[in-house]
Structure formats: C-alpha cells, structure tokens
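These protein sequences, in sequence, are chains A and R.
Counting from 1, one number per residue, gives the positions in the first sequence under the numbering used here.
Counting from 1, one number per residue, gives the positions in the second sequence under the numbering used here.
Any given hint could be a false lead.
Per the computed footprint, the stretches of chain R lying under chain A, defined by three or more beta-carbons under 8 Å from a beta-carbon of chain A, are [to be verified]:
hint : region
1    : 21-27
2    : 74-86
3    : 109-120
4    : 136-148
Keep in mind that the hints were calculated from the coordinates and are not lab data.
Only a predicted model underlies this, so the values are computations on that prediction, with no experimental measurement involved.
From the three backbone atoms N, C-alpha and C, an ideal C-beta is built for every residue, glycine too.
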Amino acid sequence: MSTHWWYVTAAWALAGLGFGAMLLATLRRHAAARRRLAALDTRGAAGRPAGRAMDNGPQDGAGSTA
Amino acid sequence: MLALGIPWALAFSPPDWQQGETVRIMYVHVPMAWLSMAGYAALALASASALIWRHPLADLFAREISPVGAAVTALCLATGSLWGRPMWGTWWVWDARLTSVLVLFFLWVGHAALVRAFDDDERGARAGAILAVIGAINLPVVKFSVDFFNTLHQPASVARLGAPGLHVDLLYPLLACALGFTLLFAALVLARTRAAVMEKRIRQLQLAQARRRDGGQGGAAA
Chain A
1 MSTHWWYVTA
11 AWALAGLGFG
21 AMLLATLRRH
31 AAARRRLAAL
41 DTRGAAGRPA
51 GRAMDNGPQD
61 GAGSTA
Chain R
1 MLALGIPWAL
11 AFSPPDWQQG
21 ETVRIMYVHV
31 PMAWLSMAGY
41 AALALASASA
51 LIWRHPLADL
61 FAREISPVGA
71 AVTALCLATG
81 SLWGRPMWGT
91 WWVWDARLTS
101 VLVLFFLWVG
111 HAALVRAFDD
121 DERGARAGAI
131 LAVIGAINLP
141 VVKFSVDFFN
151 TLHQPASVAR
161 LGAPGLHVDL
171 LYPLLACALG
181 FTLLFAALVL
191 ARTRAAVMEK
201 RIRQLQLAQA
211 RRRDGGQGGA
221 AA
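Go ahead and model the full structure; you've got the sequences and the hints to work with.
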C-alpha cells in the first residue's frame, strides 16, 4: 500500500464517518419526534403527513377551553 | 447510486497518469465542493423566500440545512487538504479558492449559530436569512476565484464552458458519486426538516395541553 493510499483512505473514511454520523443523528431525531408526537396527539395526528402538522396550532386547545 | 459510484471510483476507475491513485480523493472532494455551493444557493433561496413571503417552512428548511451544509463544507476542506498534501506538498495555502471556501464554511457555521442564538425563533430566523442572502455574494467569488486569481488550486475541469477536461473513465464515476452524495444530502435535509415540523407540532400540543390545564384549574378555583 503506497503512501498515497493512506490519504485516499483517510479522505473517504472522513466522508463516511461524517455522513454516517449525520444520518444516524437524523434518523434518531426523526424517530424520537414521531414517537413523542404519537404519544401526545391522541387524535391520530402522527399518521397524518408531517407537513399538515403546522396547519392547526395551539389555538385548537385554546378554543376548546373557551 | 453510491453503491454504484463508490466501488466504481475506488476500484474500477483507472489511476491518473500524473497523480496516480491519489486521484481517487477527487470522487469525494469534488461532490463535497459542489454540494457546499449548491446547498448554500438553496439556503439563500429559502432565506429570500422566507424574507419576502414569510413562509414558515422556508425558515425551518434554512435552519435545518445549515448544519448539514457546514459539515459538507468541512469535509470539502478536509478532503482537499488530504489531496493537497501529497500533490502540492502542503496541507493548506492561502490562495483565493481555498480562502473563499473557508469563508463559505464560516458563513454556514455562522448561519447555524445565529438562527439558534435567539430566544425568539422568528427573530433568529430573520437574522439568519439576512446573513444567508448577503453571504450569497461569496458564491461567484468561490466559483471564479480560480479564473480571476493566480491560484495553486487547479481551474474548473468539469463545470466549465466547452467540453469537460476529464476523460470519461474518470468523469462518469465522478458524476455517479456526485449524484449519490447529492441524493444523500437532500434526504438528510428533508428528514431533518420533517423532524423539525413534527417537533414544532409537539411544542404546539404541549402548549395547548398546558393552557387547557391552566383553564381547568382556573375554572375549578372560580
């Protein structure tokens, strides 16, 4: 293995580690958010597309207390 | 795409006649460089649309893309250093290309830090959007730095007017890796944005629950 191969290996290892860490962190965060949302939203909002989640905010709850 | 591109780049593409096996760093360094610039263009566009149309999703997208963009730019700088050491005999030179990419890295990190620095998310997003839009001035500086200045870094060999300067044996695996890393970058940013939307919904639900509790207690006291 020539010296140049060490640089090649180091470059690809850095990229692999960097993207691997980001991917793992993102998947964990996504799963945690999904779990918490499913536990909180008993109306089945977790099954809804995430983009719809911004449509109705805390005013739902505020309205129900009025 | 990466399952195709990585073995192609590391095992099946030929070594360069001048650089030898070291050319295989190109297949990771160049996609990182393209992504750092294309990602910043996406950040600037999202920030401009957030400033003009006040779309909340554009703010969330900008907030979530900046850490990924900063990491990709850091990888571009690190892999460039690892390529420069055997080829130029140095890890770093203060030439126009390297310095402008370092500025791009600081802009990414600055944006990621700025949007998280305020208690009020909206103010943070607005400050970050202004920084992102102003920082877009750096993109043509990065792109044309090798043409306008005398740099140790080589001029563009793929994204240039006329035919690419790379032989197809090197060009095709490079394009495969670039497409694979681009899809991975997009998937990461979209998954982060989706998680951020869900977290926002969680905060709203918690707030609504707290209000309901407060309302219930108030009613009982009355």
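Point to revise | Whether chain A covers the region 74-86 of chain R (at least 3 residues having a Cβ closer than 8 Å to its Cβ atoms) | key: Since 8 is at least three, the answer is holds.
**Study point:** Coverage criterion applied to the region 136-148 of chain R (partner chain A; beta-carbon cut 8 Å; 3 residues)
**Key:** That given contact is violated, which follows from only 0 residues of the region 136-148 of chain R lying within Cβ reach (below 8 Å) of chain A.
**Study point:** Verdict on chain A covering the region 109-120 of chain R, criterion of 3 CB contacts below 8 Å
**Key:** It is violated, with 0 qualifying residues against the three required.
Exercise for review: Confirm or reject the coverage of the region 21-27 of chain R by chain A under the rule of 3 or more residues with a beta carbon closer than 8 Å to the chain's beta carbons.
Suggested key: Contact hint for the region 21-27 of chain R vs chain A: holds, 4 residues under 8 Å.
Of the numbered hints listed earlier, those contradicted by the structure are 3 and 4.
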